Amino acid sequence: MSMQEFFAMGGYAFFVWTSYGLTLIVLVVNIVVPVFQRKQFLRQQALKQKR
Amino acid sequence: MPWLVIIFLLLLLPGLYGGLYLAPPDYQQGDSYRIIYIHVPSAWMSLFIYMVMAVTGAIGLIWRIKLAEIMSISSASVGACFTFIALVTGSLWGKPMWGTWWVWDARLTSELILLFLYLGVIGLYGAIDDKRMASKAVAILALVGVVNIPIIHYSVVWWNTLHQGPTVTKMDKPSIHVSMLIPLLLMALAFKFYYLIAVIQRARIELLTRERNSQWVKTMVSENDQ
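Heads up: the protein sequence lines correspond to chains A and B, in order. Per our numbering, the very first residue in the first sequence carries number 1; after that it's consecutive. Per our numbering, the very first residue in the second sequence carries number 52; after that it's consecutive.
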């Protein structure tokens with residue numbers, strides 16, 4: 001099977017790759033958001049302590 | 052944590068390789084069926100996480116264990132994400148196969164209600180400032196919503212729906228070929244580990260926010276600030 005055939009997904013490329021792409025985005029966001037929240041939390045609390 | 056990520060990847064990568072490349076195309080659906088490798092595990096997770104959320108919620112409600120409360124609410128956002136994925140990927144499969152993005156079929160509708168239950172839990176938790184009180188309210192909502200879980204699971208049996216019946220979780224032998232089943236099970240396990248990673252991430256920030264006035268968090272903040 002060639003690369004092109006693989007990505008074409010037998011004509012269902014749009015549906016298959018949109019599914020996998022969206023899933024990837026949602027799963028990554030879920031992991032990244034708490035990391036940012038944690039940084040923001042530490043920054044805010046540090047400011048509070050200095051006051 | 053790093054171990055969880057390694058196990059997750061060790062399950063995910065062969066799962067994807069098996070599902071997208073090794074497994075043959077379906078004789079009726081061609082390659083479009085490959086969406087099931089994320090759709091089915093996501094749908095399973097959406098139910099599984101809901102049960103975890105309800106049970107930990109009940110434990111928090113009865114014994115007032117803080118950690119159970121935190122696990123319960125941290126599960127909600129991950130569960131909502133999986134429910135969303137199950138609905139969207141199902142829709143993306145339904146368009147080429149059923150000819151429609153959406154039907155008000157029993158399975159689809161009850162899964163949509165599950166998404167609203169998750170969103171209700173998240174919204175209710177955010178609306179109450181006292182987080183211990185919020186956890187109580189959320190646990191009751193989650194427990195009431197448990198009624199929806201068997202409805203989703205048995206919807207394809209109870210009603211004559213467009214959504215197909217179970218192929219894997221039935222008493223008989225699964226009606227899916229082993230070359231298609233193995234990647235599916237790998238993906239399902241990978242998603243379990245993903246949930247563990249994501250819920251720990253969420254729980255950490257939840258714990259920090261709740262305990263922001265305690266000494267250990269203050270020490271942590273000042274150490275981090277230097």
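Derived from the structure by calculation, the hints contain no laboratory data. Careful: at least some of the hints might be erroneous.
[Stated by the list, open to error] Straight line, CA to CA, 27 Å or less: simulated DSS-like cross-link-like pairs of lysine-lysine:
no.	chain 1	residue 1	chain 2	residue 2
1	B	117	B	187
2	B	269	B	182
3	B	269	A	39
4	B	117	A	39
5	A	39	B	146
6	A	50	B	187
7	A	39	B	182
8	A	39	A	50
9	B	117	B	182
10	B	117	B	269
11	A	48	B	269
12	B	243	A	50
13	B	146	B	269
14	B	243	A	48
[What the hints assert, rightly or not] Covered stretches of chain B, as calculated for chain A (at least 3 residues, CB under 8 Å):
no.	segment
15	156-169
16	190-197
[Said to hold, decoys possible] Computed spacing ranges between beta-carbons, pair by pair:
no.	chain 1	residue 1	chain 2	residue 2	range
17	A	35	B	167	26 to 34 Å
18	B	191	A	31	15 to 23 Å
19	A	50	B	147	31 to 39 Å
20	A	25	B	247	41 to 49 Å
21	B	258	A	11	43 to 51 Å
22	B	262	A	4	28 to 36 Å
23	A	4	B	55	32 to 40 Å
24	B	247	A	13	31 to 39 Å
25	B	173	A	38	36 to 44 Å
26	B	155	A	35	52 to 60 Å
27	B	266	A	31	27 to 35 Å
28	B	102	A	28	48 to 56 Å
29	B	81	A	25	44 to 52 Å
Predicted, not measured: the structure shown is a model, and the values here were computed from it. Just so you know, even glycine gets a beta-carbon here, dropped at the ideal spot from N, CA and C.
Now for the hints, and whether the structure bears them out:
1. Restraint check for residue 117(B) and residue 187(B): the C-alpha separation of about 11 Å stays at or below 27 Å, so the hint holds.
2. For a cut-off of 27 Å, the pair hint linking residue 269(B) to residue 182(B) stands: about 19 Å separates their Cα positions.
3. With a CA separation close to 14 Å, the supplied pair residue 269(B) and residue 39(A) stays within the 27 Å bound.
4. For the hint linking residue 117(B) to residue 39(A), the alpha-carbon distance of about 23 Å falls within 27 Å, and the restraint holds.
5. Distance restraint check for residue 39(A) and residue 146(B): the Cα-Cα separation of roughly 41 Å exceeds the 27 Å cut-off, and the hinted pair is therefore not satisfied.
6. Between the alpha carbons of residue 50(A) and residue 187(B) the distance comes to roughly 34 Å, so the proposed pair goes past 27 Å and is violated.
7. This hinted pair checks out: residue 39(A) and residue 182(B) have alpha carbons roughly 21 Å apart, not beyond 27 Å.
8. Using a Cα cut-off of 27 Å, the hinted pair residue 39(A) and residue 50(A) holds, with the two alpha carbons roughly 17 Å apart.
9. Distance hint between residue 117(B) and residue 182(B) is fulfilled; the C-alpha atoms sit about 10 Å from each other, no more than 27 Å.
10. Proposed proximity of residue 117(B) and residue 269(B) is supported: the alpha carbons are some 19 Å apart, at most 27 Å.
11. Between residue 48(A) and residue 269(B) the alpha-carbon distance is near 10 Å, which keeps this suggested pair within the 27 Å criterion.
12. With a C-alpha separation of about 42 Å, the suggested pair residue 243(B) and residue 50(A) falls outside the 27 Å cut-off, and the hint is violated.
13. A C-alpha spacing of about 53 Å is found between residue 146(B) and residue 269(B), which places the hinted pair above 27 Å, so the restraint is violated.
14. Taking the CA atoms of residue 243(B) and residue 48(A), the gap is about 38 Å. The hint is violated against a cut of 27 Å.
15. Against chain A, the segment 156-169 of chain B contributes 0 residues with a C-beta closer than 8 Å to a partner C-beta. That does not satisfy the three-residue criterion, and the hint is violated.
16. Coverage of the segment 190-197 of chain B by chain A is violated in this model, with 0 residues showing a Cβ closer than 8 Å to a Cβ of that chain against a need of three.
17. Take residue 35(A) and residue 167(B): their Cβ atoms lie about 28 Å apart, and the range 26 to 34 Å holds.
18. Separation of residue 191(B) from residue 31(A) is about 30 Å and departs from the stated range, judged on CB atoms against 15 to 23 Å.
19. For the pair residue 50(A) and residue 147(B), the supplied restraint of 31 to 39 Å is violated, since their beta-carbon distance comes to about 58 Å.
20. Judged by the Cβ atoms, the range 41 to 49 Å given for residue 25(A) and residue 247(B) is violated: they are separated by roughly 20 Å.
21. Between residue 258(B) and residue 11(A) the beta carbon distance is about 49 Å. The supplied range of 43 to 51 Å therefore holds.
22. For residue 262(B) and residue 4(A), the Cβ-Cβ distance of about 54 Å falls outside the hinted range of 28 to 36 Å, so the restraint is violated.
23. Hint check: residue 4(A) to residue 55(B), Cβ distance near 36 Å, so the stated range 32 to 40 Å holds.
24. At about 32 Å, the beta-carbon gap between residue 247(B) and residue 13(A) stays in the expected band of 31 to 39 Å.
25. As the Cβ distance of residue 173(B) to residue 38(A) is approximately 19 Å, the hint placing it in 36 to 44 Å is violated.
26. The beta-carbon spacing between residue 155(B) and residue 35(A), approximately 39 Å, falls outside the hinted interval of 52 to 60 Å.
27. Between residue 266(B) and residue 31(A), the C-beta spacing of about 29 Å keeps the proposed range 27 to 35 Å intact.
28. Between residue 102(B) and residue 28(A) the CB atoms are about 25 Å apart, so this pair departs from the stated range of 48 to 56 Å.
29. One distance hint, 44 to 52 Å for the beta-carbon pair residue 81(B) and residue 25(A), is violated here, with the actual separation near 25 Å.
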